[in-house]
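Undergrad: Listed below are the residues making up each chain.
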Amino acid sequence: MIALRSRWAWALLPLVLLAALALMVARGGLLDFLRAGAPPVEELTFERVTLAPGNLRLTVVNGGPDPVTVAQVMVDEAFWTFTIEPGPTVHRLGRATVEIPYPWVENEAHKVALLTSTGLTFEHEIAVARESPTLDAGFFGIFSLIGLYVGILPIAIGLLWYPLLRGLERRWLHFVLALTAGLLIFLGADALHEALESGAAVAGAYQGTLIVLVGSVGTLLLLQAVAGARARREGAEGRRAVAWLIALGIGLHNLGEGLAIGASYALGEAALGAFLIIGFMLHNSTEGLAIVAPIAKDRPRISTLAALGALAGVPTILGACLGGVAYSPVLATLFLSVGAGAIAQVVIALYRTVARERESESVWTPLTAGGLVAGMLVMYGTGLLVAG
Amino acid sequence: MNHDERSPMSRRDLLRRGALGLAGVAAASRALSAAEQNLVRGAVSPPHGSHTPSNAATVGTVSGASIDPAVFLEHFDYGTVSRAAGGRTVREFRLHAVDREIEVAPGVWYPAWTYNGQVPGPTLRATEGDLVRVHFRNSGSHAHTIHFHGIHAARMDGVYEVVEPGQSYVYEFEARPFGLHPYHCHAVPLKRHIAKGLYGAFIVDPKTPRPPAREMVMMLNGFDTNFDASNEVYAVNTVPFAYHHRPIAVRRGELQRIYMVNVLEFDLLNSMHLHGNMFQVYRTGTKLVPDDFTDTVMFCQGERHILEFTYDEPGRFMFHAHQSEFAELGWMGVFEVSDGVIA
Chain A
6 MIALRSRWAW ALLPLVLLAA LALMVARGGL LDFLRAGAPP VEELTFERVT LAPGNLRLTV
66 VNGGPDPVTV AQVMVDEAFW TFTIEPGPTV HRLGRATVEI PYPWVENEAH KVALLTSTGL
126 TFEHEIAVAR ESPTLDAGFF GIFSLIGLYV GILPIAIGLL WYPLLRGLER RWLHFVLALT
186 AGLLIFLGAD ALHEALESGA AVAGAYQGTL IVLVGSVGTL LLLQAVAGAR ARREGAEGRR
246 AVAWLIALGI GLHNLGEGLA IGASYALGEA ALGAFLIIGF MLHNSTEGLA IVAPIAKDRP
306 RISTLAALGA LAGVPTILGA CLGGVAYSPV LATLFLSVGA GAIAQVVIAL YRTVARERES
366 ESVWTPLTAG GLVAGMLVMY GTGLLVAG
Chain B
37 MNHDERSPMS RRDLLRRGAL GLAGVAAASR ALSAAEQNLV RGAVSPPHGS HTPSNAATVG
97 TVSGASIDPA VFLEHFDYGT VSRAAGGRTV REFRLHAVDR EIEVAPGVWY PAWTYNGQVP
157 GPTLRATEGD LVRVHFRNSG SHAHTIHFHG IHAARMDGVY EVVEPGQSYV YEFEARPFGL
217 HPYHCHAVPL KRHIAKGLYG AFIVDPKTPR PPAREMVMML NGFDTNFDAS NEVYAVNTVP
277 FAYHHRPIAV RRGELQRIYM VNVLEFDLLN SMHLHGNMFQ VYRTGTKLVP DDFTDTVMFC
337 QGERHILEFT YDEPGRFMFH AHQSEFAELG WMGVFEVSDG VIA
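Residue numbers (the numbering used here), protein chains in the order written: chain A, 6 to 393; chain B, 37 to 379.
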């Protein structure tokens with residue numbers, strides 16, 4: 006008993022001392038001494054911009070160490086009247102919403118600058134001004150349709166490769182599994198890239214890069230610990246676990262992308278281009294192939310296939326709605342990095358699956374190596390098609 | 037400072053485009069209402085309420101500008117007058133440079149360098165032929181000088197005789213030629229020393245005075261509050277929109293004379309445009325016959341003109357830079373013409 010109590014005491018003592026020290030620094034004027042004469046460090050990040058007829062509304066977050074006071078607002082190099090809620094001074098990690106009655110011009114660019122009390126300016130460019138969607142049934146209808154086309158249909162189409170895969174020889178199946186791994190590596194790298202890019206837009210205090218690190222590595226290890234054991238099991242059960250993991254990884258990835266879609270749509274950041282859908286569906290149908298490849302020999306039920314497709318695709322709708330309603334770069338960064346981590350775990354699981362089936366032989370044959378590269382090339386190629 | 041939303045083409049961009057393409061498809065489908073199609077095409081134009089002219093200005097009032105624009109407008113410093121041997125008029129002025137934080141737009145503070153704690157510095161006024169003696173003391177944190185435009189000896193030019201903090205210098209010269217001249221600090225870096233507020237107007241009246249008129253001084257200035265070598269704020273006499281929020285009362289039929297000096301930095305040109313009227317332009321004020329009769333006149337950096345006009349009709353008449361950007365960033369004012377007595 007005594008031994009246990011003293012162990013607790015030893016665990017807590019450094020923490021108590023640390024807290025006391027922190028209090029001393031904060032209260033004892035050391036900070037004032039260190040900062041003597043230095044101007045405050047100001048940082049404002051634009052989190053959300055919505056346009057209504059004759060009105061701009063911007064939400065900013067203060068990611069810097071000091072409070073920031075928004076004194077004036079300029080739109081297109083003109084001072085403009087505005088209101089700011091809850092008040093002009095935004096505290097660390099606080100938010101404020103600036104409302105500007107401005108006669109913005111449809112489809113043209115506008116630049117908003119916030120002038121702070123110290124004379125610093127924080128600028129945001131509205132690249133293409135369009136009215137933001139309002140939250141009604143039509144809004145959710147559109148996002149459901151977007152999600153259906155972008156997330157669910159391509160994956161469902163990809164699942165139709167199942168009968169073909171079922172009839173394949175083992176070595177060609179391994180080729181397809183390697184192809185799948187290639188597709189996933191491409192997706193994972195893409196998610197990581199997007200996460201880092203989105204992380205750069207996050208207010209400084211939220212440390213975007215570290216969100217990516219914690220999100221991706223944390224997810225990888227968590228899935229490895231929780232689901233890895235199942236995926237390592239012999240036979241159909243293990244392969245099914247791998248398929249579920251793939252669907253989950255793709256789903257998480259698509260959730261992050263859905264967020265981005267919803268946000269950019271809400272911000273009116275793009276032009277119309279219906280022909281792109283075709284390339285886009287080709288691009289994403291490979292996700293269906295990735296899900297179905299590990300269980301090709303197992304005759305899964307249709308309902309299982311549907312559930313796998315839903316797990317991978319439906320998050321796109323959820324993400325799009327969420328992004329349209331309340332986009333936050335922090336959330337987008339987190340979801341994208343979680344997706345990257347999940348995909349990395351899936352690639353490991355796929356490697357194990359093939360390795361186990363090949364027993365003592367090397368995993369890497371011309372077919373599997375070629376498959377992996379081919380998978381990445383397919384993604385690259387269909388990506389080009391969309392870009393065209 | 038902001039994170040630009042536009043980045044090289046990425047998969048997410050493709051998704052956006054694809055998504056919008058789909059939105060187009062969705063709109064085309066009969067399942068959606070007409071309103072939603074509007075939403076997709078964005079075919080809604082802003083209402084006209086947001087066009088109200090009063091929306092296009094700063095919000096709030098300025099109290100810490102170091103000058104009251106209404107007072108500065110018509111205040112002239114004639115100095116301490118004495119007679120030298122031979123009856124010559126001697127005018128002595130005291131200027132000291134001092135650092136001061138000033139409010140350059142409602143709630144926006146700028147670390148200015150000032151003459152006598154004000155931006156612009158006081159408007160000094162003498163008559164041609166007077167002996168002008170300026171006692172300058174530098175109480176600021178950097179070296180400064182006073183460089184007067186006009187005709188004088190080299191050592192009175194305020195360029196090479198740098199006055200270090202804590203030191204003093206006496207500038208002495210004859211006031212000539214008559215006209216409107218700027219004075220400003222000429223310490224290096226020059227641009228920074230002028231932009232931070234070390235400037236003022238120096239009026240030299242002709243020996244035979246100009247006709248009686250209501251006289252005003254307008255310093256066209258601006259402030260680069262974030263030090264990116266371009267101005268955030270433009271103004272007449274430091275406070276943006278000062279005479280827009282509080283119009284200048286003008287008596288109908290009375291001759292108005294403006295001593296207008298451009299001390300703007302970073303922008304090559306400035307201008308003055310008067311509404312509903314035309315003005316006589318006396319370039320540099322060095323002649324008594326006008327050079328031009330117009331409603332828009334251009335000012336290079338350091339250029340200045342005396343403008344004269346009379347309003348025959350009552351009402352509100354705007355005046356502003358015809359660089360619309362400057363006007364909407366603060367260089368805008370209003371003359372309120374009436375028959376009443378000027379307050």
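One thing to keep in mind: the hints can contain errors.
Unchecked claim - Derived, one-sided and incomplete: chain B residues facing chain A with beta-carbon distance under 8 angstroms:
hint : residue
1    : Pro-89
2    : Ala-93
3    : Thr-97
4    : Ser-99
5    : Trp-145
6    : Asn-262
7    : Ala-265
8    : Pro-276
9    : Gly-312
10   : Asn-313
11   : Leu-365
Keep in mind the hints are simulated off the structure, nothing from the lab. The beta carbon of each residue, even a glycine, is placed where N, CA and C say it ideally should be.
Undergrad: Compare the structure with each hint and give your call.
TA: Going down the list of hints, with the structure as the test:
1. The interface hint given for B/Pro-89 is broken, as the beta carbon of that residue sits about 11 angstroms from the closest beta carbon of chain A, more than 8 angstroms.
2. A hinted interface residue such as B/Ala-93 counts as satisfied when its beta carbon comes closer than 8 angstroms to some beta carbon of chain A; here the least separation is about 6 angstroms, so the hint holds.
3. Proximity of B/Thr-97 to chain A is violated relative to the hint, the smallest CB-CB distance being about 12 angstroms (cut-off 8 angstroms).
4. The beta carbon of B/Ser-99 comes no nearer than 13 angstroms to any beta carbon in chain A, farther than 8 angstroms, and the hint placing it at the interface is violated.
5. Proximity of B/Trp-145 to chain A holds as hinted, the smallest CB-CB distance being about 6 angstroms (cut-off 8 angstroms).
6. Interface hint status for B/Asn-262: upheld, as the beta-carbon distance to the closest one in chain A is roughly 5 angstroms, under 8 angstroms.
7. Interface hint at B/Ala-265: violated, since its Cβ lies 13 angstroms from the closest Cβ of chain A, which is beyond the 8 angstroms cut-off.
8. Because the closest C-beta pair between B/Pro-276 and chain A is about 7 angstroms apart, less than 8 angstroms, the hint holds.
9. Taking 8 angstroms as the C-beta contact cut-off toward chain A, the hint placing B/Gly-312 at the interface is violated, the least distance being around 23 angstroms.
10. Proximity of B/Asn-313 to chain A is violated relative to the hint, the smallest CB-CB distance being about 25 angstroms (cut-off 8 angstroms).
11. Given hint, B/Leu-365 at the interface with chain A, holds; its Cβ is 6 angstroms from that chain's nearest Cβ, closer than 8 angstroms.
The structure fails hints 1, 3, 4, 7, 9, 10 (numbered hints given earlier, in ascending order).
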